[in-house]
Amino acid sequence: MTTLRARAAVAAVLLGVSLTGCSADDDGGEPAPSPAATEATGLPPVAEGRITRIMGDGTWNVLHGPRYFPDISISEPILLAAGPDDRLVGLQSSVPSVFTLAPDGTAETAAELGGDDPPMVFGTGPNAAVPAGDDAMLLLSGSGDEAQVGLLGLADGAFTPVATLTGGIDDAAGAVILELPGATHLQWKGTWWTLTGTVAEPTGAVPGEPPVPDILVAARTASGVSALTATELVVLDESLREVGRYPFAPPPGEVPGTVSAAAGDPAGEGLFVTTAEREAGSVLHVSPAGTTVLASGFPRRGGTPSTDCDDADVETGDARLARPGSIAVWQERLVVANRGCYSVLQLPLPPQS
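FYI, in mature numbering (1 follows the signal peptide of the UniProt record, and there is no 0) the residues of the sequence shown are -23 to -1, 1 to 330.
Quick caveat, the hints were computed from the structure, so don't treat them as lab data.
Treat the hints loosely; a few may be bogus.
[Claimed, not checked] If you anchor each label on the Cβ, the simulated ranges turn out as follows:
#: 1; residue 1: D133; residue 2: A266; range: 42 to 50 Å
#: 2; residue 1: D122; residue 2: P22; range: 40 to 48 Å
#: 3; residue 1: A13; residue 2: D63; range: 17 to 25 Å
#: 4; residue 1: T141; residue 2: T175; range: 16 to 24 Å
#: 5; residue 1: D63; residue 2: P265; range: 28 to 36 Å
Each residue gets a CB set at the ideal place from its N, CA and C atoms; glycine is no exception.
Sequences and hints are given; from them, build the entire structure.
Below, the structure is given as structure tokens:
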């Protein structure tokens, strides 16, 4: 078992490179950068029918904290998860690093992970994480057909892998961590594993059989676990015994791409699901009652830089989504990693039925 320590040498260089959007004065002089926020003033409230940017400033810039909303750059977010102390925890991949976002709008980073042998966990994903104590996450992520699972420190960015998961299917979706009373289960791109040890002190992972064949994504819900296949939502109890099956049929023409990630409904048996393709995406609520499109759309390119493509605040039916991946329920809202637009978006949870 090795511990990969953070390397922050690139930070000073990157901090000196500013691509922040700005406008030239009337005399054609050099553009002046807008002043950045210097203190936390809170995040915007979620608004019915709106999808709003809470991280990202339209630039390519890597986040180096602390930064404050609305001036929080983020570079290719590939993971979002509710973490300890009410923080949102994530990974940005262009310069691999761990970040957190507090409810007051303060974003911070652990030092960059790198060195001569960058950790596999900052590959193309998919990714999943759950809290493992006060200042760490159990992290599952990787690239290609392999992934690593281990502990990720939020203070220093140290990653301690305990197992390598192999045999992932190229076209399979989903990285899943299911922390249940009897065991913690992992899904990586069509393979199924059981964690040995505990979430806070993991020791490895052993292969197993999934409770449902051909699971795309799964997540904890208010009553147990729900798993999504290409055609069904399968509801399970906390022992992974089947409770019910319901058809899954996204509305034709409204849902671009393929299923990429899911978060459990804290008030029901459903899943919040992202679908993604390179230049479009959607957010769905899949429940026993059916499938509802919460947001869908594609970016309007042509600006400079091309990452400034989600307009910060738009109607959910006209969302600027590009390769949306990780999704989480955090602070009574949905948050989505809008990877292709270098941003994190929020939208309201649907009303309880």
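For each hint, the structure was consulted:
Checked against the given bound of 42 to 50 Å, the beta carbons of D133 and A266, roughly 45 Å apart, stay inside it. Range check, D122 to P22: about 42 Å between beta-carbon atoms, so the 40 to 48 Å window is met. With their beta carbons about 24 Å apart, A13 and D63 fall inside the hinted range of 17 to 25 Å. Against the hinted window of 16 to 24 Å, the Cβ-Cβ separation of T141 and T175 comes to about 19 Å, which satisfies the hint.
Between D63 and P265, the C-beta spacing of about 30 Å keeps the proposed range 28 to 36 Å intact.
Comparing the model with each earlier hint shows no violations; every hint is respected.
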